[in-house]
Amino acid sequence: MSLRAAFAEGRFAVSSEVGPPTGTDVSEMLETADMLHGRVDALNVTDNQAAVMRLSTIAACIHLKQHGHDPVFQVTCRDRNRLGLQSDLLGAASFGITEVLALTGDHVVVGDHPEAAAVFDLESVQLLDTVATLADGSDLAGNELTGSPEFFVGAVVTPDANPIRPQLAKFEKKVRSGARFFQTQAVYDAESFLRFMEYARQFDVRVLAGLVVPRSARMARFMNKNIPGITVPNAIIEELDASEDPVQTGVDVTGRFIREVREHCDGVHIMAIGAEHLVPRVLDAAGL
Amino acid sequence: MHSTRTTHDTRTGDERESRLFAPCRAACPVHIDVPGYLTAVAEGRFTDALEIVLERNPLPSVCGRVCLRPCEEGCRRCLLDDPVAVAHIKRAAADFGSYPTQQKARPRPETVAVVGSGPAGLTASADLAELGFQVTIYEQKPELGGMLRYGIPDYRLPDYALDRDIDYILSRGVEAVTDARVGADITLDELADANDAVLVTAGLQASRSLPIEGADLPEAIMALPFLEACARGEDVEVGKRVVVVGGGNVAMDVARAARRQGAEQVHVVCLEDEEEMPASDFEVEEARQEGVHVHCSWGPAQVVGDGTVCGLEAVRCTSVFDHEKRFAPKFDESVVQEFEADTVIFAIGQAPDIGDLGLECTERGVPEVDPTTLRTGTDKVYAAGDVVSGPTMIIDAIAAGHRAAASIARDLTGDGRMLADLDEENAVLGEVPETMSSKLETRRRLQMERLEIWEAVGSFDEVELGYTEYEAAREAQRCLGCTTGARLVKEKCAACLTGMRVCPHGAPHIKVGGYVYFDAEACNACGACASECPAQAIAIEGYSEEEMSRRIERQLVHHGMGTTLVFACGSAPVLPEIPGDDVRLLTTTCHLRVSERAVLEALREGASHVVFAGCVEATCRFPYARPIVTKRMKQIQATLAEIGMEDSFVVIGGADEEELAHL
Amino acid sequence: MIVVRQKPIDDILEMVARHKRVLILGCNTCSAVALAGGEKEVETLAELLRLATSRKGASIEFEGAVLQRQCEPEFIEELEEGGFDAFLSLGCGAGVALLSEKEDIPVYPGIDTLFIGASKGLANWQAECSACGECVLGETAGICPVTRCPKGIMNGPCGGVSDGQCELGDRDCAWVQIHERLEELGQDECITETHEPRDHSTKTLVREWDMSEPGERK
Chain A
1 MSLRAAFAEG RFAVSSEVGP PTGTDVSEML ETADMLHGRV DALNVTDNQA
51 AVMRLSTIAA CIHLKQHGHD PVFQVTCRDR NRLGLQSDLL GAASFGITEV
101 LALTGDHVVV GDHPEAAAVF DLESVQLLDT VATLADGSDL AGNELTGSPE
151 FFVGAVVTPD ANPIRPQLAK FEKKVRSGAR FFQTQAVYDA ESFLRFMEYA
201 RQFDVRVLAG LVVPRSARMA RFMNKNIPGI TVPNAIIEEL DASEDPVQTG
251 VDVTGRFIRE VREHCDGVHI MAIGAEHLVP RVLDAAGL
Chain B
289 MHSTRTTHDT RTGDERESRL FAPCRAACPV HIDVPGYLTA VAEGRFTDAL
339 EIVLERNPLP SVCGRVCLRP CEEGCRRCLL DDPVAVAHIK RAAADFGSYP
389 TQQKARPRPE TVAVVGSGPA GLTASADLAE LGFQVTIYEQ KPELGGMLRY
439 GIPDYRLPDY ALDRDIDYIL SRGVEAVTDA RVGADITLDE LADANDAVLV
489 TAGLQASRSL PIEGADLPEA IMALPFLEAC ARGEDVEVGK RVVVVGGGNV
539 AMDVARAARR QGAEQVHVVC LEDEEEMPAS DFEVEEARQE GVHVHCSWGP
589 AQVVGDGTVC GLEAVRCTSV FDHEKRFAPK FDESVVQEFE ADTVIFAIGQ
639 APDIGDLGLE CTERGVPEVD PTTLRTGTDK VYAAGDVVSG PTMIIDAIAA
689 GHRAAASIAR DLTGDGRMLA DLDEENAVLG EVPETMSSKL ETRRRLQMER
739 LEIWEAVGSF DEVELGYTEY EAAREAQRCL GCTTGARLVK EKCAACLTGM
789 RVCPHGAPHI KVGGYVYFDA EACNACGACA SECPAQAIAI EGYSEEEMSR
839 RIERQLVHHG MGTTLVFACG SAPVLPEIPG DDVRLLTTTC HLRVSERAVL
889 EALREGASHV VFAGCVEATC RFPYARPIVT KRMKQIQATL AEIGMEDSFV
939 VIGGADEEEL AHL
Chain C
952 MIVVRQKPID DILEMVARHK RVLILGCNTC SAVALAGGEK EVETLAELLR
1002 LATSRKGASI EFEGAVLQRQ CEPEFIEELE EGGFDAFLSL GCGAGVALLS
1052 EKEDIPVYPG IDTLFIGASK GLANWQAECS ACGECVLGET AGICPVTRCP
1102 KGIMNGPCGG VSDGQCELGD RDCAWVQIHE RLEELGQDEC ITETHEPRDH
1152 STKTLVREWD MSEPGERK
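Residue numbers (this note's numbering), protein chains in the order written: chain A, 1 to 288; chain B, 289 to 951; chain C, 952 to 1169.
One should not assume that every hint holds.
[To be verified] So the derived list for chain C, only partly shown, Cβ under 10 Å to chain B, looks like this:
(1) Ala-987
(2) Gly-988
(3) Val-1017
[To be verified] List of simulated lysine-lysine pairs, DSBU-like, C-alpha gap at most 30 Å:
(4) Lys-1007/C - Lys-799/B
(5) Lys-1053/C - Lys-778/B
(6) Lys-922/B - Lys-958/C
(7) Lys-922/B - Lys-727/B
(8) Lys-1053/C - Lys-919/B
(9) Lys-1071/C - Lys-971/C
(10) Lys-799/B - Lys-727/B
(11) Lys-919/B - Lys-727/B
(12) Lys-922/B - Lys-1007/C
(13) Lys-1071/C - Lys-919/B
(14) Lys-429/B - Lys-668/B
(15) Lys-919/B - Lys-971/C
(16) Lys-1007/C - Lys-971/C
(17) Lys-799/B - Lys-778/B
(18) Lys-1071/C - Lys-727/B
(19) Lys-1071/C - Lys-778/B
(20) Lys-1071/C - Lys-922/B
(21) Lys-958/C - Lys-971/C
(22) Lys-958/C - Lys-1007/C
(23) Lys-778/B - Lys-919/B
Simulated from the structure, these hints should not be mistaken for laboratory data. Remember, it's a predicted structure, so these values are computed and weren't measured experimentally. Don't be surprised by glycine CBs; every beta carbon is placed ideally from N, CA and C.
Let the hints inform the model, and build the full structure from the sequences given.
What follows is the structure in structure tokens.
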């Protein structure tokens, strides 16, 4: 299984994600992956997510690959310059890890090492170009590669960004730079998302709706206030507020959303954020 | 040692070169730097203020009391409320400042004799002595001062106040010979032979009388002998009812003096109507307050009496001047009124009494002089003051004294700069622009404490009691600081534009080339720009870091550790109670003018605490500047916190609400 | 101009602690305009240091002077001998460096050099230029993405933008502003054009610029 395979087969793709540990013990990460095995097409492996230091993404991808999983290698531009990025991409490819999500990455000042130098030698669009260049058989300096990788590369987009136009302009740049699929920032308002899909359908790309299960009204409000580009509609917050089992309500809400958008997008990307056990329940609720 | 400080004599910069005068200064016949000394008083620097006045007027104590203050009419503050009480503040400078004691010039061999010791003679003597000439005054009366002593009553100008100025002038090296009438005791020719120059400033010593019936009765007397008798402390028998003939300031003096000599009813009878009366409005008003009745538009027809005066008969005066403004009174003799009187005093004018000098005179008995040089037809002899010009203000006589001294100096030394300077054109600062007036607070003039009327008319004691030091400073704070404001010190300017951004009145503008110039009309010298200028490239008169350092040092030099140095806002009507055994007060125009550096310096010099006191919104003179001041105070606190001294700096407000309520 | 900020007083005290006689040297160009290195700041800092050191029982003399620009050797030569054993410079890094080169006593920085900025009003500056040596302002409507975007992104806003605000929360998103301005200016083509990765070598390699040779690019 992989995203590429799912899309090729015309299936509604399901992706989730795992975070590498802060340390060398990868057992918990592998247990989570095992738990999701069979229910998802791919597992995104985050890259020092939120600028918090973790075991290397590429190593985590290798572990997962060796345990029979299909990782999507998330690559951010925060921690490596163009040499590091290229060599890691080649390294990953050499292990057969070819599904890549190209991101700019959160700034170091929001993470746990705020004093660190933020690299950002390249950024997401340029990273996509880099991936394409490597795939064409040379590096950014024009040197010919001995064995060129084949990547299936994706990027991210925020359908609820405010303002939206600069976001869409960049989306189009990403398309031009070779992004084959997009994972969106968490979306909750189906109507709004479908509007975005109507726009996105002009382009030959696959779109996975990004999902974060709202586990409580408080969490929903927190996201509205603190996470750029996420808008949980009031109706959902009220529903969570009124619920005796808000986690179940969150699962239901997410499942309902998937059913509503299923015919109009190519899959979903469920960002579990430490509650991976809910992913199967969401998929159950969505009838997937 | 590297020195970063440059001393800027703000009075010799652009402003003086262009001779831009504030209207008060322009209106003053001797162009005293009024804003300059008001600024000094505003900060409690009375000696500095006195020195500024003395530069142009050697009689500050006199003029602080009895000047007719043309300066106040020009005050730009009139637009808002009342003119600043310039004369009152001048008096405070003389009351509280110390007269300088050092003589400046090297003595010269030339000698000058001055005939008469009124304001013109005293001024010329002071100027000439200052230049090093040997000056001797010849005065026919036993004491110096002329009309200042023998014409102006003590309740307006007491002897001690006059003596203060005269002592100062004598201390310049002026000699005086009293009880010596030139023309009788010594001739003008003798003086001219013995000296390099002679200046006649004899004034107007003769009273004019009216050729009407009864004018020769014994109780029909003249103003000047009456005033002189009063000045000598004599009791003059005037009876219960006195009629004063005349409408000028002398008539008012006579009327009020008569009240003090026991007259219960005093009537002033004059030809002019209320508008035309030559007496100053405030002199008339003060006379009225003391119970003097003023009757306008009456022409004296005869003094009624049979051996003794029993009244004055007057007829209606229908007009005083003809269409060419010449004196040509017309009367309606059918309208007659009699004013009962035990004494009639004529105060209708004075005339020169110089017949025995032998000077070439006009047919009216006035010496003929060149208006620029004041030279008479007689070699080496000059004449100045009222003897030449007729009756004028004291300050005009002082101006004439300056001219005479400048002319004599030119003739004796060849240096004509002083004389040329007197005739230089001056630009006058224009009106307060709306950008500024809209941001200024109304604050009425601070009234000076006076004797109660019943007290006043009971003696010749001085009526106006003077400001206290604090009152003077407060009143001086009302000055808009015209022409004392911001000037760019171009060679230091970093063109940061901070001053432009700080100024609430839009006074600074960018000049081509990146420099900033200041529109003097829109500047009220608050000091916001100067205090924020990083390059210290903005000069404001009376305000500089050097000056502040000197003041801090003066306050702390004889005081050990434990002193609390209070920077007090001069606008606060009442200062809060400041705790501490040794509290030293340093008044400032605004806390804007107290820099962070100054606070640090005071602490380094040994002050245990520095207090900002009296910065209260209700009485703030520069309300728009409060955010800057507040920020400054916070900055100082933060800086001191960095070195663990945050407790050393305290901000105490001003008066409490109750105290403010009655303002 | 170069925007600077005075160092914390404790840091300054530590630097000068072993000296006896220190000259605080202002700079009347950028530092003065940044309200950190003019005559006023020199004199204020001198007083503060005198006060602070005397409270600690130390005896260090502090004097002050201001140069027109510390980054000019001729101005530095104007300094007279004053028996100092250290300089405390309120000039930017360039001033400190040149002063160190020209004088034979230690020079300490009294300020931190922050950025090349423009004035936004009274005592307020915004970083506008990073001196990257590769100006793209012509394509970004005069708003520098290298300087104004914390990530230096060249191709549009990241996902962190929220209500036009940067994810760091302390500034507007440079790219949202660039878009708005490009649209206003009718430079829409600049919106869609993808920017290649920047050439950082200029910043590394061009460390001396000698225009005295004829034919050099000006």
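Do the numbers back the hint for Gly-988/C, that is, is its least Cβ distance to chain B under 10 Å? The hint holds - Gly-988/C has a Cβ within 10 Å of chain B, the shortest such distance being about 8 Å.
When you check the alpha-carbon spacing of Lys-778/B and Lys-919/B, does it fall within 30 Å? Judged against 30 Å, a Cα distance of about 27 Å means the pair holds.
Take the C-alpha atoms of Lys-1071/C and Lys-778/B, compute the straight-line distance between them, and say whether it is at most 30 Å. 24 Å, holds
Given the hint that Lys-922/B pairs with Lys-958/C, test it: the Cα-Cα distance must not exceed 30 Å. 18 Å, holds
30 Å limit on alpha-carbon distance, applied to hinted pair Lys-1071/C and Lys-922/B: Cα-Cα ~22 Å, so holds.
So if I understand the rule, the pair passes when the alpha-carbon distance is 30 Å or less; does Lys-1053/C with Lys-919/B pass? 39 Å, violated
Has the given pair, Lys-1053/C with Lys-778/B, been kept, meaning a C-alpha gap of at most 30 Å? Since the Cα atoms of Lys-1053/C and Lys-778/B sit roughly 28 Å apart, the hinted pair holds (cutoff 30 Å).
Keeping to a limit of 30 Å between CA atoms, is the pair of Lys-429/B and Lys-668/B held or broken? Measuring from Cα to Cα gives roughly 24 Å; hence the hint holds.
With a cut-off of 30 Å on the C-alpha distance, tell me whether Lys-799/B and Lys-727/B pass. Distance ~25 Å between Lys-799/B and Lys-727/B Cα, so the pair holds.
Given the hint that Lys-922/B pairs with Lys-727/B, test it: the Cα-Cα distance must not exceed 30 Å. With a Cα-Cα distance of about 25 Å, the restraint between Lys-922/B and Lys-727/B holds, given a limit of 30 Å.
30 Å Cα cutoff - pair Lys-958/C, Lys-1007/C: 19 Å, holds
Given the hint that Lys-1071/C pairs with Lys-971/C, test it: the Cα-Cα distance must not exceed 30 Å. Since the Cα atoms of Lys-1071/C and Lys-971/C sit roughly 40 Å apart, the hinted pair is violated (cutoff 30 Å).
The structure fails hints 4, 8, 9 and 15 (numbered hints given earlier, in ascending order).
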